[in-house]
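Asker: If you're matching them up, the sequences are chains A and H in order.
Start counting the first sequence at 1; every next residue gets the next number (the UniProt record's numbering).
Start counting the second sequence at 1; every next residue gets the next number (the UniProt record's numbering).
Source of the hints: derived by calculation from the structure; they are not laboratory data.
Cβ-to-Cβ under 10 angstroms is the rule here; a few derived chain H residues that face chain A: (1) C7; (2) M11; (3) S12; (4) A38; (5) R58; (6) Y83.
All C-beta atoms in this analysis are idealised placements derived from N, C-alpha and C, irrespective of residue type, glycine included.
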Amino acid sequence: MAGYISFLENRVMPVAGRIAEQKHLQAIRDGIILTMPLLIIGSLFLIIGFIPIPGYSDFMSGIFGDKWLTKLLYPVNATFDIMALIVSFGVAYRLAEKYKVDPLSAGAISVASFLLATPYTTMFTPEGAGAAVEVGGVIPVALMGSKGLFVAMILAILSTEIYRKIIQKKIVITMPEGVPPAVSRSFVALIPAAVVLLVVWLLRILIENTSFQSIHNIVADLLVGPLNTLGGSLFGAIIAVLLVHVLWSLGLHGAAIVEGVLGPIWLSLMDQNRAIFQASAGAELPNIVTKQFFDMWVYAGGSGATLALVLLMMFRARSEQMKNIGRLSMGPGLFNINEPVIFGMPIVMNPLLIIPFIVAPIVLVVISYAAMTLGWVAKPSGVAVPWTTPPIISGYLATGGKISGSVLQLVNFVIALLIYYPFFRLWDKQKLAEEKASSASDKAASL
Amino acid sequence: MKILLCCNAGMSTSLLVQKMEQAAEEKGITAKIWAVSADEVKNHIDQAEVLLLGPQVRYKLPGLKKEGEARGIPVDVISTIDYGTLNGKNVLEFALRLKK
Numbered sequence: 001m002a003g004y005i006s007f008l009e010n011r012v013m014p015v016a017g018r019i020a021e022q023k024h025l026q027a028i029r030d031g032i033i034l035t036m037p038l039l040i041i042g043s044l045f046l047i048i049g050f051i052p053i054p055g056y057s058d059f060m061s062g063i064f065g066d067k068w069l070t071k072l073l074y075p076v077n078a079t080f081d082i083m084a085l086i087v088s089f090g091v092a093y094r095l096a097e098k099y100k101v102d103p104l105s106a107g108a109i110s111v112a113s114f115l116l117a118t119p120y121t122t123m124f125t126p127e128g129a130g131a132a133v134e135v136g137g138v139i140p141v142a143l144m145g146s147k148g149l150f151v152a153m154i155l156a157i158l159s160t161e162i163y164r165k166i167i168q169k170k171i172v173i174t175m176p177e178g179v180p181p182a183v184s185r186s187f188v189a190l191i192p193a194a195v196v197l198l199v200v201w202l203l204r205i206l207i208e209n210t211s212f213q214s215i216h217n218i219v220a221d222l223l224v225g226p227l228n229t230l231g232g233s234l235f236g237a238i239i240a241v242l243l244v245h246v247l248w249s250l251g252l253h254g255a256a257i258v259e260g261v262l263g264p265i266w267l268s269l270m271d272q273n274r275a276i277f278q279a280s281a282g283a284e285l286p287n288i289v290t291k292q293f294f295d296m297w298v299y300a301g302g303s304g305a306t307l308a309l310v311l312l313m314m315f316r317a318r319s320e321q322m323k324n325i326g327r328l329s330m331g332p333g334l335f336n337i338n339e340p341v342i343f344g345m346p347i348v349m350n351p352l353l354i355i356p357f358i359v360a361p362i363v364l365v366v367i368s369y370a371a372m373t374l375g376w377v378a379k380p381s382g383v384a385v386p387w388t389t390p391p392i393i394s395g396y397l398a399t400g401g402k403i404s405g406s407v408l409q410l411v412n413f414v415i416a417l418l419i420y421y422p423f424f425r426l427w428d429k430q431k432l433a434e435e436k437a438s439s440a441s442d443k444a445a446s447l
Numbered sequence: 001m002k003i004l005l006c007c008n009a010g011m012s013t014s015l016l017v018q019k020m021e022q023a024a025e026e027k028g029i030t031a032k033i034w035a036v037s038a039d040e041v042k043n044h045i046d047q048a049e050v051l052l053l054g055p056q057v058r059y060k061l062p063g064l065k066k067e068g069e070a071r072g073i074p075v076d077v078i079s080t081i082d083y084g085t086l087n088g089k090n091v092l093e094f095a096l097r098l099k100k
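Just chain H, same shape as in the assembly (with noise of 0.2 angstroms):
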């Protein structure tokens, strides 16, 4: 399971990536996550399986959209509340349902 995280800065994002991998983890899921900023997307894109965004890029969603749609990619925006409380767990659960 490959999950790509991106904010503005990937900053806030690489706070909840250490939430969820830690919720991988006690799932017994391997997982790749990992997250950049918003510009760097199209570098990363390809080695992802599934696209998640902070809430606070949620305008960039129509054109990200897009390029996960070329690639056959699940993309979407992540609830602001459990981004907020960085509810790692809620999280990936969400990415494991988009990537049905």
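Just chain A, with the same shape it has in the complex (with noise of 0.2 angstroms):
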């Protein structure tokens, strides 16, 4: 066990740390952070929107009028359709940040690289017409939301890439002094901005004379179908879990590390399923493997399952210590917060209690996607769900008004007891015999 915990620290964590810390991973994940807010409140429209009530829909109709759910997706709309689009610009203005370059020229720069490589046509059925003909002068909606996430992404990261090298290497147009900064910041810009749109031009118009058409569609084939297809997978998901926990066992964040690589899949995979129960609330929905799926079925009480076993601590432990934890931690862990049984238990390099806490969550995952493969429990909506929302709300909101969410969670809840139980019996039972051994030992030293 000494030699596993030390090729742990010594080989692994280097390597975590330094995905972790690599530049565009970071932006990637910090730039997607920026739609997080929009979902959420557009999730809660979603919510509203399919209240799974008998009459429910009667009743708003009667209220609101006939269109009364088409405008109250509005905000949806508005929210998750133009992901890829806030992503593009959040992801371009991080990694300026971190070259220290002007992070909004090389924001604005990448918003309109992305849009130079989306096609200004869709596909419309007017009313009546059996077949659809292409439309052109408009934004494709479509690629703006999480279809166009990944060539966000990439676009982002190439364009901010171009930008910095050229500021760096002082290829600009400098205005004398005495003209405004925020003047003299745009002619700065103007050079590298014209690299990076004659680099996608160029781009676009190769593509366009190749099978593919555009990069979006290049992207979706060779990029975005084999990583959803991996990291949708009950494979894939597994994978990913393994990692969060063998990493955090080392004390070190796992979810965040894990994250910056697969975050933009399972996001992506999300919105597939929200696009499909917003068309129709009842339609079966296409995956199972999300953000959600995690946050609310596996990590109950934060990475690891422990909100169980920070409850038979509060209530079976018979150490003072392992009875304090539990009632530090109870607060926190409702909302999925357990760095205090992590680190104070511990469960860090704590060769016993790592045993459950990569277990534990390993089995939930199977169990879950198993239920929900077999239909027994609702698939997660497409509903942003906060990381931090309690377990038993958290489920019934993520499968969009679902009780099966919830009662999936209580029976995960139970597995994960009785996995920690004997764990924590003897971690227990040593910390009460330690504590007996120094109380003595106190006692005989009054003496």
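Take each chain as given, in its own frame, and dock them per the hints.
Answerer: Written as structure tokens, this is what we have:
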């Protein structure tokens, strides 16, 4: 076990640290965060639109008219459907910030290059017509949402890299002194912006002459397809959870590190579900593995599904130490914050407790995946529930208002409890013995 | 005394902030203690006299240490045991020691 720990400490940790600190991955993660408040607000409207109470829809149309749902979902469209556009700006902004070049200009150039890569046409079926016709002069909303996410990220990185290289080589138009800084900044961006747009323009012209026709199609076929298949599979989910928990057992924030890589995949899978759920609330949803899948059904109480352990510590512990940490951890644990347990128990570098800490979440992934595949439990509907939402409520909300989502959380909680119990008992017993020994030696000393 | 704490999202360190404020009050020290996410540190570091990292983001130490050195601010990682047990008193003392 000592060899295993030192292997993790000396080999795995530096690699994990490098991944977590990698500039582009960080920029992607930080850029995507920009969409989160919007998606959560959009989700509120989604939830209100599809409350599963019989007669709810009739009741609403009685008050607000037939078009109530369309109108209610306006904010959903304005948040989810422009996800890629915001990511395009956010990733470039965050990356430029890391290079210490003007982030605002980098963001603006990135948005322009993203739109330059996008054909301004869409397919439209006029009322009464049988076939769809191509309409020009529009920005296709479909590609501004999760479908355009990867193109947005790639071009944000490409354009910002070109931008900062040119700036750093000082190939810029410099204004004489006395010109207001805002004006001179926009001139500084002129040459890099021209180069970026030229590159993307040439790329687009080139690709239009191939069978792919657009950058979006290339990325979808070659990158997003395979990534989604892998990241959305049971195997991918198990690997992700395994990595997160191995990192956490070293005391590193595993979820933050793994999400830097897998976040965009889970986000686009989530939005595929959202689009279908929004079109028809009863339809079969394609994806199980999304960020909500982990947050709601695997990480009850935080990474490691430690809420069950906290409950054991609070009510079943005999040692003072376990009781205290249990009490301390219950409040934050309900909101899925569990650093007190991870570091205080501790689980970190603890050969005994690392076992259930890694095993429990993997078992929960398998069970939840199976329950959703078999149709016993509703799949995540694409509602972006914040990870701090307490269990039971969060399962209900994440499935778009299905009780089965909460029931699975309860079942998973009990399973986690059973997995933790024997290990908890052993650790508690050991702590109790230590406490007895030290109080005995105290007594001996005072005599 | 201005102490800045950071972890991944600024959530678990904010638990520690409360405990540290209590400890400061008991000691009669006027202190401004606040927690932010690791990505926001650069917007806050100029107002801080000490920067402490949660152990789960200790891989950020080399980068943030450089930022701290440029400003003459000590930067270090909180001990895992004090962090896990939310021992505000120890962490406050740790910050005070670093400041010296």
